[in-house]
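Enquirer: Using the sequences plus the hints, can you model the full thing?
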Amino acid sequence: MQLVTNSIITPPNPAIMAERPVKIEARNVNVFYGDKHAIKDLSIDIPDRAVSAFIGPSGCGKSTFLRSINRMNDTIPSCRVTGDIVIDNKNIYDRDLDVVQLRARVGMVFQKPNPFPKSIFENVAYGPRIHGLVKDKTDLEETVVTSLKKAGLFEEVKDRMQHPGTGLSGGQQQRLCIARAIAVNPEVILMDEPCSALDPIATARIEELIDELKQNYCIVIVTHSMQQAARVSQLTAFFHLGNLVEFGDTNAMFTAPVEKRTQDYITGRFG
Amino acid sequence: MEQSAEAMQNASTVSSWAILALGVLAAVGGAAWVMSRISADFRARNTFERITSWVLLACSAVAILTTIGIVFSVMLETVRFFGKVSPIDFLFGLQWSPQTAMRADQVGSSGAFGIAPLVAGTMLITLIAMFVAGPIGLFAAIYMAEYASDRVRSIAKPLLEILAGIPTVVLGFFAALTVAPALRGWGESIGLTVASESALAAGLVMGMMIIPFVSSLSDDVINAVPQSLRDGSYAMGATKSETIKKVVLPAALPGIVSAFMLAISRAVGETMIVVMAAGLAANLTFNPLEAVTTFTVQIKTILVGDQEFDSAKTLAAFALGFVLFFFTLILNVIALRVVRKYREQYD
Numbered sequence: 000m001q002l003v004t005n006s007i008i009t010p011p012n013p014a015i016m017a018e019r020p021v022k023i024e025a026r027n028v029n030v031f032y033g034d035k036h037a038i039k040d041l042s043i044d045i046p047d048r049a050v051s052a053f054i055g056p057s058g059c060g061k062s063t064f065l066r067s068i069n070r071m072n073d074t075i076p077s078c079r080v081t082g083d084i085v086i087d088n089k090n091i092y093d094r095d096l097d098v099v100q101l102r103a104r105v106g107m108v109f110q111k112p113n114p115f116p117k118s119i120f121e122n123v124a125y126g127p128r129i130h131g132l133v134k135d136k137t138d139l140e141e142t143v144v145t146s147l148k149k150a151g152l153f154e155e156v157k158d159r160m161q162h163p164g165t166g167l168s169g170g171q172q173q174r175l176c177i178a179r180a181i182a183v184n185p186e187v188i189l190m191d192e193p194c195s196a197l198d199p200i201a202t203a204r205i206e207e208l209i210d211e212l213k214q215n216y217c218i219v220i221v222t223h224s225m226q227q228a229a230r231v232s233q234l235t236a237f238f239h240l241g242n243l244v245e246f247g248d249t250n251a252m253f254t255a256p257v258e259k260r261t262q263d264y265i266t267g268r269f270g
Numbered sequence: 000m001e002q003s004a005e006a007m008q009n010a011s012t013v014s015s016w017a018i019l020a021l022g023v024l025a026a027v028g029g030a031a032w033v034m035s036r037i038s039a040d041f042r043a044r045n046t047f048e049r050i051t052s053w054v055l056l057a058c059s060a061v062a063i064l065t066t067i068g069i070v071f072s073v074m075l076e077t078v079r080f081f082g083k084v085s086p087i088d089f090l091f092g093l094q095w096s097p098q099t100a101m102r103a104d105q106v107g108s109s110g111a112f113g114i115a116p117l118v119a120g121t122m123l124i125t126l127i128a129m130f131v132a133g134p135i136g137l138f139a140a141i142y143m144a145e146y147a148s149d150r151v152r153s154i155a156k157p158l159l160e161i162l163a164g165i166p167t168v169v170l171g172f173f174a175a176l177t178v179a180p181a182l183r184g185w186g187e188s189i190g191l192t193v194a195s196e197s198a199l200a201a202g203l204v205m206g207m208m209i210i211p212f213v214s215s216l217s218d219d220v221i222n223a224v225p226q227s228l229r230d231g232s233y234a235m236g237a238t239k240s241e242t243i244k245k246v247v248l249p250a251a252l253p254g255i256v257s258a259f260m261l262a263i264s265r266a267v268g269e270t271m272i273v274v275m276a277a278g279l280a281a282n283l284t285f286n287p288l289e290a291v292t293t294f295t296v297q298i299k300t301i302l303v304g305d306q307e308f309d310s311a312k313t314l315a316a317f318a319l320g321f322v323l324f325f326f327t328l329i330l331n332v333i334a335l336r337v338v339r340k341y342r343e344q345y346d
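First to last, the protein sequences are chains X and A.
For the first sequence, numbering that gives the first Met the number 0 begins at 0 and goes up steadily by one.
For the second sequence, numbering that gives the first Met the number 0 begins at 0 and goes up steadily by one.
Read the hints as simulated data drawn from the structure, not as lab findings.
Cβ atoms here follow ideal geometry from the backbone N, Cα and C, with glycine treated the same way.
Any given hint might turn out to be false.
To be verified - Only pairs whose alpha carbons sit at most 25 Å apart, straight line, appear in this in silico PhoX-like list of lysine-lysine:
#1 Lys134(X) to Lys245(A)
#2 Lys39(X) to Lys259(X)
#3 Lys157(X) to Lys136(X)
#4 Lys89(X) to Lys239(A)
#5 Lys213(X) to Lys89(X)
#6 Lys149(X) to Lys117(X)
#7 Lys340(A) to Lys117(X)
#8 Lys136(X) to Lys245(A)
#9 Lys117(X) to Lys245(A)
#10 Lys117(X) to Lys239(A)
#11 Lys111(X) to Lys244(A)
#12 Lys111(X) to Lys245(A)
#13 Lys111(X) to Lys239(A)
#14 Lys340(A) to Lys111(X)
#15 Lys239(A) to Lys134(X)
#16 Lys111(X) to Lys148(X)
#17 Lys244(A) to Lys134(X)
#18 Lys245(A) to Lys157(X)
#19 Lys149(X) to Lys111(X)
#20 Lys244(A) to Lys117(X)
#21 Lys136(X) to Lys149(X)
#22 Lys244(A) to Lys136(X)
Claimed, not checked - If you anchor each label on the Cβ, the simulated ranges turn out as follows:
#23 Thr266(X) to Ala39(A): 57 to 67 Å
#24 Phe138(A) to Glu140(X): 26 to 36 Å
#25 Glu140(X) to Gly190(A): 54 to 64 Å
#26 Asp93(X) to Glu160(A): 42 to 52 Å
#27 Lys136(X) to Phe138(A): 29 to 39 Å
#28 Val169(A) to Asp93(X): 54 to 64 Å
Expert: Below is the structure:
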């Protein structure tokens, strides 16, 4: 019980929570890498149709927790997760849960853009193809075009859909990866420092895009940049040494944090 | 006789003394020279760098010059051979029987030097070998790279590579004494005539031999595919086999192709297995159950025993060697080009 007192949860802005139902509900989540206790007894409610940002110093567990929301940690043999993460009333760590279906509903964008060494079209068509979401070729083309439009990339690539995706610039590649993720109609999009490999202009484009996408998706973003968290998110969670220190309304947290550690981190005294 | 033996003895005594004296002289001289060079502003480390680069250059030059020398000597003999036999007959002739009369009064055939049967035999055996080694090697590589746990991998991979260390002569008698008779037995039991030395037996065993070449190289290129691509695919909800089939293998394909190319050039140049298991008969056939012969077998057969060195028969060995060299060279060049293209892909 000692552990719970570690995490103080500021009551999020009632306005934000009222109009947005809770999408992801984590209860007493612990993550271990071998003997290392990476996430300690974490509980959090992440609302739908809003951007929630995870901030904190390196190694604080924010990426680890992000990766447990779509069970990407399953690919690491030494990793063990306990506790419950519930998405739409279904515990994703239930034994009967199909992880393939889960990842179709919870998309992910990585730190370094990782387009497949295929054409731009094939990159976006990848998900719809493997999940059998499209009936025929015209249907597939429509899905690809819609996804590229939503990711704000269509105008730039419409004349070179058959060119390799790896030939795009870094920012375009990242938007291609976002288009690829939304092509399977996910409900949640996880972003693991999506702008850390990009220049400021490309970063600004991605941030605009995130702002548009929050109309339709539950977005969780891990970021090292506190300015970015302040710009794009409605809710911010501060992680430190595997604990969730504080979670609440972004504006409130950046102006009047409850916890001393949060304040120290935000003002740049450590981390 | 005794005199000359004594002279020999004397000479060798003198020469051994001379060597000793020269050695001492060289050592003293060298030491003196070195001492004279040592001074406060002598930069020994820089000089050492320069000498090192020369020594290393000399070593690489030996390897390169040897290659060039071999190519030239083979080429010259090949040109001589084409003075006796027309290149058209050699490259497009359908009959191979290199027996020629050694002396003018001997009755013998004038020889036929058409390499078509050898090309057919070599291709047939290589094809069979690749049918064995291609899928098995590739699937073994996929298992090692993607599915095997670290512990299994650390044991299984060296074991697989031991297969590459088995001398081919051992594989050869395995082919000739175990596989070929077994094939003939099975063939007869279902009413097929199988020669006791068959292309199939040689090809199967050669396939076993080159599995490690395919698997080891493919394993390396599959491992070189960045983990981020796999993560990207898993995060889209792809299963492991979908990820391998649609992302990992296409990304690694150029490397896998070059692994196959290198395996083929190894199979084409392999000699012992085919000598022991494929036979000598130059049949122009694509039936894997018959005896066929290959370039390497014919080169070996022509040059074994006492031979005149300017007959068309002997010179034919060089021409065969040259064609073989040319063929493997082309394969290696293609493989290297493909690998280079592959390197550009992720950057």
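Enquirer: All the hints need checking, so say for each whether the structure fits it.
Expert: These are the hints, each one checked on the structure:
{"no.": "1", "hint": "Lys134(X) to Lys245(A)", "result": "20 Å, holds"}
{"no.": "2", "hint": "Lys39(X) to Lys259(X)", "result": "19 Å, holds"}
{"no.": "3", "hint": "Lys157(X) to Lys136(X)", "result": "17 Å, holds"}
{"no.": "4", "hint": "Lys89(X) to Lys239(A)", "result": "24 Å, holds"}
{"no.": "5", "hint": "Lys213(X) to Lys89(X)", "result": "22 Å, holds"}
{"no.": "6", "hint": "Lys149(X) to Lys117(X)", "result": "21 Å, holds"}
{"no.": "7", "hint": "Lys340(A) to Lys117(X)", "result": "15 Å, holds"}
{"no.": "8", "hint": "Lys136(X) to Lys245(A)", "result": "18 Å, holds"}
{"no.": "9", "hint": "Lys117(X) to Lys245(A)", "result": "10 Å, holds"}
{"no.": "10", "hint": "Lys117(X) to Lys239(A)", "result": "18 Å, holds"}
{"no.": "11", "hint": "Lys111(X) to Lys244(A)", "result": "23 Å, holds"}
{"no.": "12", "hint": "Lys111(X) to Lys245(A)", "result": "20 Å, holds"}
{"no.": "13", "hint": "Lys111(X) to Lys239(A)", "result": "21 Å, holds"}
{"no.": "14", "hint": "Lys340(A) to Lys111(X)", "result": "23 Å, holds"}
{"no.": "15", "hint": "Lys239(A) to Lys134(X)", "result": "24 Å, holds"}
{"no.": "16", "hint": "Lys111(X) to Lys148(X)", "result": "22 Å, holds"}
{"no.": "17", "hint": "Lys244(A) to Lys134(X)", "result": "22 Å, holds"}
{"no.": "18", "hint": "Lys245(A) to Lys157(X)", "result": "24 Å, holds"}
{"no.": "19", "hint": "Lys149(X) to Lys111(X)", "result": "20 Å, holds"}
{"no.": "20", "hint": "Lys244(A) to Lys117(X)", "result": "13 Å, holds"}
{"no.": "21", "hint": "Lys136(X) to Lys149(X)", "result": "20 Å, holds"}
{"no.": "22", "hint": "Lys244(A) to Lys136(X)", "result": "21 Å, holds"}
{"no.": "23", "hint": "Thr266(X) to Ala39(A): 57 to 67 Å", "result": "59 Å, holds"}
{"no.": "24", "hint": "Phe138(A) to Glu140(X): 26 to 36 Å", "result": "35 Å, holds"}
{"no.": "25", "hint": "Glu140(X) to Gly190(A): 54 to 64 Å", "result": "56 Å, holds"}
{"no.": "26", "hint": "Asp93(X) to Glu160(A): 42 to 52 Å", "result": "43 Å, holds"}
{"no.": "27", "hint": "Lys136(X) to Phe138(A): 29 to 39 Å", "result": "32 Å, holds"}
{"no.": "28", "hint": "Val169(A) to Asp93(X): 54 to 64 Å", "result": "55 Å, holds"}
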